[in-house]
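Keeping their order, the protein sequence lines are chains R and S. Just so we're aligned, residue 54 is where the first sequence starts under my numbering, counting upward by one. Just so we're aligned, residue 3 is where the second sequence starts under my numbering, counting upward by one.
Source of the hints: derived by calculation from the structure; they are not laboratory data. Model, not experiment: these values are computed from the prediction. The beta carbon of each residue, even a glycine, is placed where N, CA and C say it ideally should be. Be aware that a few hints might be false.
Unchecked claim - One-sided and incomplete, this derived list gives chain S residues near chain R with beta-carbon spacing under 8 Å:
hint	residue
1	Ile14
2	Val17
3	Ala24
4	Leu44
5	Ile49
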Amino acid sequence: MQTLTQQLANPTRFMDLSARVLPWVAGIAAALIVYGLYLSFFDSPADYQQGETVRIMYIHVPCAWLSMMVYGLIAVSSFGLLVFRHPLADVSAKAAAPIGAAFTFLALLTGSLWGKPMWGTYWVWDARLTSVLILFFLYLGLIALRAAFEDESAGAKLTAVLALVGVTILPIIKFSVNWWNTLHQPSTDFTATVDPSMRWPLLVMALGFTLLFFAMHLKAMRNEVLRRRVKAMRTQAVAGRDRLATQPAE
Amino acid sequence: MDLGPHAAFIWISYVAVAVVVAGLIGWLFLDGKKQTAALEALGKRGIRRRSSAGAE
Chain R
54 MQTLTQQLAN PTRFMDLSAR VLPWVAGIAA ALIVYGLYLS FFDSPADYQQ
104 GETVRIMYIH VPCAWLSMMV YGLIAVSSFG LLVFRHPLAD VSAKAAAPIG
154 AAFTFLALLT GSLWGKPMWG TYWVWDARLT SVLILFFLYL GLIALRAAFE
204 DESAGAKLTA VLALVGVTIL PIIKFSVNWW NTLHQPSTDF TATVDPSMRW
254 PLLVMALGFT LLFFAMHLKA MRNEVLRRRV KAMRTQAVAG RDRLATQPAE
Chain S
3 MDLGPHAAFI WISYVAVAVV VAGLIGWLFL DGKKQTAALE ALGKRGIRRR
53 SSAGAE
């Protein structure tokens, strides 16, 4: 009996399965985000301290959550490449990096736009903000390092090593608000510190954004599998041409 | 809908997220089309993947 990861080791099988799953994931994500937007703007109150700016939290928190979750996924994929040599592990890591970078950028931007009216400044060099900025640079580093190699296999392995080294940033981000005296508030306890009228839109948006990421990740993985097929076929065509050219004329 | 004195910060946040997410989705679709077109062009030149050629 094959496990799901073993079954998905075959790119052709992955392409078949993902083609069937992708529309559903994207559709549910879109529905959840539309519902979450309705709740965020029309069915949730202003906060007693933050006022209307609490509505920025409904997009900031999902982006911040994704910035860390996506890096975790890249680290697991990198482990899968280096240890198990899973054929799709590198495809997954490569596909996730630009999406993770985009959500990290959005977490920084929306946090900054919330910070100005609430803290009186767009940016402070506190532990949480700085560690998330480092995470954003790590994403850019992964993309740049991979792009710097002509040999895709060598680039993939070195990028995977960097991703695994960089994973240490995740606990630093998570616990930065406990370890250091930061302007950023402590981690949100969804069941205790958030009023149910705000918890529900936050959870719906977080789930919607998570599914949106998985839909985009599946699509990016499919694109990467196609790109590798194109590359392999071009190499095959060139090799065939070279073979013909070196054969003696009869 | 009155979003108070900080409405601009709220709107810019939502518009920025919408623009970046739409950009990502657009890029993914265009990239997918580009790869599919490249595969079809190779197929028209008679170049087949080794795995599919073996299956025939």
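Chain R contact restraint on isoleucine 49 (chain S) - CB to CB distance below 8 Å: At 5 Å from the nearest chain R Cβ, isoleucine 49 (chain S) passes the 8 Å test, so the hint holds.
Agreement of hint isoleucine 14 (chain S) with chain R interface, Cβ distance less than 8 Å: holds, 6 Å
Status of the hint placing valine 17 (chain S) at chain R (closest C-beta pair under 8 Å): This interface hint is violated because 10 Å lies over the 8 Å limit.
Closest C-beta approach of alanine 24 (chain S) to chain R relative to 8 Å, hint status: violated, 11 Å
Status of the hint placing leucine 44 (chain S) at chain R (closest C-beta pair under 8 Å): holds, 5 Å
Of the hints listed earlier, those the structure fails to meet are numbers 2 and 3, in rising order.
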